[in-house]
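Peer 1: Chain W: place on chain S using the hints.
These protein sequences, in sequence, are chains S and W. For the first sequence, counting from 1, position 210 maps to 210 in my numbering; every step adds exactly one. For the second sequence, counting from 1, position 59 maps to 59 in my numbering; every step adds exactly one.
Think of the hints as simulated: they come from the structure by calculation, not from any bench. Treat the hints with caution; some may be incorrect.
[Stated by the list, open to error] No farther apart than 30 Å at their CA atoms in a straight line, the calculated lysine-lysine pairs in the BS3-like style are these:
#1 W:69 with W:140
#2 W:204 with S:69
#3 W:42 with W:53
#4 S:42 with W:69
#5 W:61 with S:61
#6 S:69 with W:61
[To be verified] Output of the computed footprint for chain W on chain S, the stretches with three or more beta carbons under 8 Å from beta carbons of chain W:
#7 96-102
#8 107-121
[Said to hold, decoys possible] From the derived model, a few chain S residues whose C-beta atoms are all more than 10 Å from chain W:
#9 58
#10 70
#11 72
#12 141
#13 174
#14 207
#15 215
Ideal Cβ placement from N, Cα and C applies to all residues, glycine included.
2 protein chains.
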Amino acid sequence: MEATLVIFSGGQDSTTCLLQAIAERGAENIHTVTFAYGQRHKLEVELAEGLAKELGVASHKTIAVDWYKDITHNALMDTVTPIGRTAGATCPNTFVDGRNALFLLTAAIYAKGLGIHDLTIGVSEADYSGYPDCREAFVKSMEQTLRLAMDWPFRVLAPLQHLTKAQEWALADRLGRLDFVRTRTLTCYEGIPGDGCGTCPACKLRAAGLAEYLGSRGRA
Amino acid sequence: MEATLVIFSGGQDSTTCLLQAIAERGAENIHTVTFAYGQRHKLEVELAEGLAKELGVASHKTIAVDWYKDITHNALMDTVTPIGRTAGATCPNTFVDGRNALFLLTAAIYAKGLGIHDLTIGVSEADYSGYPDCREAFVKSMEQTLRLAMDWPFRVLAPLQHLTKAQEWALADRLGRLDFVRTRTLTCYEGIPGDGCGTCPACKLRAAGLAEYLGSRGRA
Chain S
1 MEATLVIFSG GQDSTTCLLQ AIAERGAENI HTVTFAYGQR HKLEVELAEG
51 LAKELGVASH KTIAVDWYKD ITHNALMDTV TPIGRTAGAT CPNTFVDGRN
101 ALFLLTAAIY AKGLGIHDLT IGVSEADYSG YPDCREAFVK SMEQTLRLAM
151 DWPFRVLAPL QHLTKAQEWA LADRLGRLDF VRTRTLTCYE GIPGDGCGTC
201 PACKLRAAGL AEYLGSRGRA
Chain W
1 MEATLVIFSG GQDSTTCLLQ AIAERGAENI HTVTFAYGQR HKLEVELAEG
51 LAKELGVASH KTIAVDWYKD ITHNALMDTV TPIGRTAGAT CPNTFVDGRN
101 ALFLLTAAIY AKGLGIHDLT IGVSEADYSG YPDCREAFVK SMEQTLRLAM
151 DWPFRVLAPL QHLTKAQEWA LADRLGRLDF VRTRTLTCYE GIPGDGCGTC
201 PACKLRAAGL AEYLGSRGRA
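So that you can see chain S by itself, here it is in the shape it has in the complex (with noise of 0.2 Å):
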């Protein structure tokens, strides 16, 4: 079985991809990695890092970009900035330039160096908010140039990337474990586990999906 990176920040979303390719490929077979790039709340990387050694995963590492704050500005990394779309933008305000793109190569660097082929990575763009980084366009071009750059045959699988929040919940649940991920992952904007705040747009969005899958799984 061939063996991949993940690019895991301990969200729901790279929660489940980690998930779905352990129970692919078996956790000897799992390789994850988490940015550390000046998020608000430190403990994403902690929480991160607990848990990809808590699933058994063959290593995890930490790799710290610390100069990103230091190039460009959002509200995900700015403390003082209120989070919300500023009238006329494209995006909110959370969007991060470059930074799938800059997890997928440096994510690339280090798989080569490990003899990895694979990078996992939890975008979608079904519920993208308007982040140019999780299309698929992006991810195609991103594999064709990681390849170029390399001379490597790097494969990016994106599994989610055509799911809706409700159907990453309906993915989990039939990995058997949406109670893991609805309790132990962090996504919410605020810092706080689980269900989260409640009020922020990650909280309302992973809501949102939750309730709309449960609410389809009543019915069936």
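Peer 2: Frame of chain S, contents of chain W only:
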């Protein structure tokens, strides 16, 4: 005149690019960025900063990507590995996996914050020693990926793409800066500016190109 951000190491290639950009757009429209990524010689970073200031660019920034040496290994960053070509390898062991991709991506994130679309990089595939990320196919793919990642009309300019070292010296001469490039830049793997140690692969390539150009000029 549109501004450009020049990826600038203080070596022959990027200095020639910088001088050309200044000649075309005026120094007030030129910004430079230098990466400190665990080079064998920190002198390179200081030399680049000094040259950029002397040439009067609008801004200069050094970005430290310290984690780089922690996730990949090569002779350029590991001071214990002798520089050379491993038997059967497609390129020398000075190849730093993903380096030009990382430089371009980071420069792009920074450029977008400055409102800049153009990125200038001194890669050349004519004398590229087999480095995959010096090929035009990589540069074009990277440009497309950057546009998609950040929804911003980046242009990646690689004016040396098809120039040999001899043609590069000819360009510096046309700009009236042959002596500046020859005496003030640092290309040598041993960290010696100007004509360098004369024996490492970078010095040999540089010297051969210069001899070829000076020979052709003598004949003209």
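Peer 1: Now, for every hint given, state plainly whether the structure supports it.
Peer 2: For each hint, the structure was consulted:
1. W:69 with W:140: 27 Å, holds
2. W:204 with S:69: 40 Å, violated
3. W:42 with W:53: 17 Å, holds
4. S:42 with W:69: Satisfied, since the Cα-Cα distance of roughly 23 Å is no more than 30 Å.
5. W:61 with S:61: Within the cut-off at roughly 29 Å; holds.
6. S:69 with W:61: 14 Å, holds
7. 96-102: Since 5 is at least three, the answer is holds.
8. 107-121: That given contact holds, which follows from 5 residues of the segment 107-121 of chain S lying within Cβ reach (below 8 Å) of chain W.
9. 58: 16 Å, holds
10. 70: At about 7 Å from chain W, residue 70 (chain S) fails to clear the 10 Å cut-off, so the statement is violated.
11. 72: At about 5 Å from chain W, residue 72 (chain S) fails to clear the 10 Å cut-off, so the statement is violated.
12. 141: Its Cβ does come within 10 Å of chain W, the nearest being 4 Å, so this is violated.
13. 174: 31 Å, holds
14. 207: 28 Å, holds
15. 215: 34 Å, holds
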